[in-house]
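There are 2 protein chains.
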Amino acid sequence: MSKLLIVGTVAFDAIETPFGKTDKILGGAATYIGLSASQFNVKSAIVSVVGEDFPQEHMDLLTNNGIDIQGIEVVKGGKTFFWSGKYHNDLNTRDTLDTQLNVLADFNPVVPEDFKDSEIVMLGNLHPLVQLSVLEQVNNPKLVVLDTMNFWMDNALEDLKKVISKVDVITINDEEARQLTDEHSLVRAARKIEKMGPKYVVIKKGEHGALLFHKDQIFFAPALPLEEVFDPTGAGDTFAGGFTGYLAQSEDISFENMKNAVIYGSSLASFCVEKFGTERMESLKHQELESRLQEFQSLTQFDIELTPTKTL
Amino acid sequence: MSKLLIVGTVAFDAIETPFGKTDKILGGAATYIGLSASQFNVKSAIVSVVGEDFPQEHMDLLTNNGIDIQGIEVVKGGKTFFWSGKYHNDLNTRDTLDTQLNVLADFNPVVPEDFKDSEIVMLGNLHPLVQLSVLEQVNNPKLVVLDTMNFWMDNALEDLKKVISKVDVITINDEEARQLTDEHSLVRAARKIEKMGPKYVVIKKGEHGALLFHKDQIFFAPALPLEEVFDPTGAGDTFAGGFTGYLAQSEDISFENMKNAVIYGSSLASFCVEKFGTERMESLKHQELESRLQEFQSLTQFDIELTPTKTL
Numbered sequence: 001m002s003k004l005l006i007v008g009t010v011a012f013d014a015i016e017t018p019f020g021k022t023d024k025i026l027g028g029a030a031t032y033i034g035l036s037a038s039q040f041n042v043k044s045a046i047v048s049v050v051g052e053d054f055p056q057e058h059m060d061l062l063t064n065n066g067i068d069i070q071g072i073e074v075v076k077g078g079k080t081f082f083w084s085g086k087y088h089n090d091l092n093t094r095d096t097l098d099t100q101l102n103v104l105a106d107f108n109p110v111v112p113e114d115f116k117d118s119e120i121v122m123l124g125n126l127h128p129l130v131q132l133s134v135l136e137q138v139n140n141p142k143l144v145v146l147d148t149m150n151f152w153m154d155n156a157l158e159d160l161k162k163v164i165s166k167v168d169v170i171t172i173n174d175e176e177a178r179q180l181t182d183e184h185s186l187v188r189a190a191r192k193i194e195k196m197g198p199k200y201v202v203i204k205k206g207e208h209g210a211l212l213f214h215k216d217q218i219f220f221a222p223a224l225p226l227e228e229v230f231d232p233t234g235a236g237d238t239f240a241g242g243f244t245g246y247l248a249q250s251e252d253i254s255f256e257n258m259k260n261a262v263i264y265g266s267s268l269a270s271f272c273v274e275k276f277g278t279e280r281m282e283s284l285k286h287q288e289l290e291s292r293l294q295e296f297q298s299l300t301q302f303d304i305e306l307t308p309t310k311t312l
Numbered sequence: 001m002s003k004l005l006i007v008g009t010v011a012f013d014a015i016e017t018p019f020g021k022t023d024k025i026l027g028g029a030a031t032y033i034g035l036s037a038s039q040f041n042v043k044s045a046i047v048s049v050v051g052e053d054f055p056q057e058h059m060d061l062l063t064n065n066g067i068d069i070q071g072i073e074v075v076k077g078g079k080t081f082f083w084s085g086k087y088h089n090d091l092n093t094r095d096t097l098d099t100q101l102n103v104l105a106d107f108n109p110v111v112p113e114d115f116k117d118s119e120i121v122m123l124g125n126l127h128p129l130v131q132l133s134v135l136e137q138v139n140n141p142k143l144v145v146l147d148t149m150n151f152w153m154d155n156a157l158e159d160l161k162k163v164i165s166k167v168d169v170i171t172i173n174d175e176e177a178r179q180l181t182d183e184h185s186l187v188r189a190a191r192k193i194e195k196m197g198p199k200y201v202v203i204k205k206g207e208h209g210a211l212l213f214h215k216d217q218i219f220f221a222p223a224l225p226l227e228e229v230f231d232p233t234g235a236g237d238t239f240a241g242g243f244t245g246y247l248a249q250s251e252d253i254s255f256e257n258m259k260n261a262v263i264y265g266s267s268l269a270s271f272c273v274e275k276f277g278t279e280r281m282e283s284l285k286h287q288e289l290e291s292r293l294q295e296f297q298s299l300t301q302f303d304i305e306l307t308p309t310k311t312l
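Here the protein sequences come in this chain order: U and E.
With the UniProt record's numbering applied, the first sequence has no gaps in its numbers, which climb one by one up to 312 at the end.
With the UniProt record's numbering applied, the second sequence has no gaps in its numbers, which climb one by one up to 312 at the end.
Any given hint might turn out to be false.
[Stated by the list, open to error] Under the rule of at most 30 Å between Cα atoms (straight-line distance), these lysine-lysine pairs were calculated in the DSSO-like manner: (1) E:Lys205 - U:Lys275; (2) E:Lys205 - U:Lys192; (3) E:Lys205 - U:Lys215; (4) E:Lys195 - U:Lys275; (5) U:Lys285 - E:Lys215; (6) E:Lys192 - U:Lys21; (7) U:Lys3 - U:Lys199; (8) U:Lys205 - E:Lys275; (9) E:Lys205 - E:Lys166; (10) U:Lys275 - E:Lys21; (11) U:Lys166 - U:Lys215; (12) E:Lys205 - E:Lys21; (13) E:Lys195 - U:Lys195; (14) U:Lys275 - E:Lys192; (15) U:Lys205 - U:Lys275; (16) E:Lys275 - E:Lys24; (17) U:Lys192 - E:Lys275; (18) E:Lys275 - E:Lys79; (19) U:Lys205 - E:Lys215; (20) U:Lys215 - E:Lys285; (21) U:Lys162 - U:Lys3; (22) E:Lys21 - U:Lys192; (23) U:Lys142 - U:Lys285; (24) U:Lys215 - E:Lys275; (25) U:Lys205 - E:Lys205; (26) U:Lys205 - E:Lys86; (27) E:Lys195 - E:Lys215; (28) E:Lys192 - U:Lys205.
Source of the hints: derived by calculation from the structure; they are not laboratory data.
Pulled out of the complex, with its shape left as it was, chain U reads as follows (with noise of 0.2 Å):
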């Protein structure tokens, strides 16, 4: 069984969507990502911060789902990440009402001693150089897998880059992939990724599915069809869980295996995203990812025997 290392926000957000609207709940990418990869027979650790506000009920969720959390930091008298944001009626735009970084401002990243030597480290959405403050505390991880947005684009640009010169596998939005590459087409855009540094590169388009890209092979898995939409916060990273947690179980980094992973992260997603924050993800049991799965195979999955050369 693999060792996987998160690092990334373990926060409260306050969300509302065209279907109702939450007060401040448990959120924060390595949050959802932990939940995720708990799907999983992995040994995890999230390495994150948290405000003397935390309570105790969401740490023990996460040791429930056999999530070590001695690398979340409490900070004494702190308080804890906040966001907030409205989801427009299409629900793949939304506007940031707030957003309090509290102690997340000051976060010294500390990985713990017995995950220095983790096989897959996940370094989920956060500043680059907290990501990059992670990788130096690692020793010769298997994998490096990161995640990251927009905003580190805008405003962290050239750390941004330093990290992604060091990691294995990022995953990114179209519209990222675009922004960061200047390019319109997600195939030359991968290219151009791949040249920064990544071997592989996840494109992620939301309910039109995810790019799996590998020198001059790609793969694509479908989102699956949903009826209703409920609420796309934590998707994203809930692919990633999905993705390093099942990378991590069948320890197989092969671009095949990794196609199997892509997979896995979009089911588990398109668990996600039907309820509010994590609710869906904490109820989830693995058999009904195994219905999933299944549903995704007779989604995609054709049998076409090659027709013989016509004759007219």
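Start from chain U and add chain E according to the hints.
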């Protein structure tokens, strides 16, 4: 070998994309459908209308591809339908610069005697009353496929609903499906459209692929990720031609086989957009199509062994 009857425009197009522009070139829905279907062993005919200005070489092109043209009326002294459009930089949207209906304004379709027993009828994009007239002239086809567009929803909705109620399959793009049903979710939109008549609903999402719906089953075919889309004109018609051409050749209209038809349609459309107008389809060799099908297979096929229930 099944007979495939195609009704649609045979026309002149003048196209401008970010990569260049053309003078009047061969275009029209039926042209693209016919050329695409000619990749298969089918006996096909086009029902359409052109003016006296339509060059013999274009007629020869259709004939040389095995398409029966006796149903293409040539109006003495008339001018051929002309459309001119300019694509925006993202190639997903376009402005119509000019539309000259010409001989299309008074088109009365006449189905040739030996195609009245066609097993498959492809109603290409045209006024719904013209599509209905063709349907009234054929004897119990096994499968009727309808393509249409938002223009008819805006201008002839009641006629369009009548033809929709009489077909087996509809192909429609995502925005049009939403407009027709007032549903944002494509799953819900497809369900509503099935209630209007068609047993099968194909929703085309351009660069994001195509979905095939039938009762509670869904199949998804991605679009091939291309480095560059050169000219999207005719891609939807080429898809329809591949879809119906393959079904006609295989003489199997089951849902399982329609999955393959969607893959063939998507493969053919991926060629169409590589050059201006019909150029790429005119030069396409069957062997090239076979290689691209293999690309589609490696793009989407995965092999997940469902994992044992986790034990923590």
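| request: Take a quick look at whether U:Lys275 and E:Lys21 sit within 30 Å of each other, Cα to Cα. | output: This hinted pair is violated, its Cα atoms lying about 49 Å apart.
| message | Holds or violated: E:Lys192 and U:Lys205, Cα atoms, limit 30 Å. | response | 26 Å, holds
| Given pair status - U:Lys275, E:Lys205, alpha carbons within 30 Å | OK: E:Lys205 and U:Lys275 at ~26 Å, within 30 Å.
| said: What's the verdict on U:Lys215 and E:Lys285, does the C-alpha distance respect the 30 Å limit or exceed it? | reply: At roughly 27 Å apart (the allowed maximum being 30 Å), E:Lys285 and U:Lys215 satisfy the hint.
| task | Assess, step by step, whether the Cα of E:Lys195 is no farther than 30 Å from the Cα of U:Lys275, and give holds or violated. | result | 28 Å, holds
| Does the structure keep E:Lys195 and E:Lys215 at a Cα separation of 30 Å or less? | 10 Å, holds
| When you check the alpha-carbon spacing of E:Lys205 and E:Lys21, does it fall within 30 Å? | Roughly 25 Å between the alpha carbons, so the hint for E:Lys205 and E:Lys21 holds.
| query | Taking only the CA atoms, is the gap from U:Lys205 to E:Lys205 under or equal to 30 Å? | reply | OK: U:Lys205 and E:Lys205 at ~13 Å, within 30 Å.
| query | Does E:Lys205 pair with E:Lys166 here, judged by a C-alpha cut-off of 30 Å? | reply | 24 Å, holds
| 30 Å Cα cutoff - pair U:Lys275, E:Lys192 | 24 Å, holds
| request: Sort out whether E:Lys215 lies within 30 Å of U:Lys285, counting only the CA atoms. | output: Given that 30 Å is the threshold and the Cα spacing comes to 27 Å, the pair holds.
| Pair hint outcome, U:Lys142 versus U:Lys285 [Cα-Cα no greater than 30 Å] | OK: U:Lys142 and U:Lys285 at ~29 Å, within 30 Å.
The structure fails hints 10, 13 (numbered hints given earlier, in ascending order).
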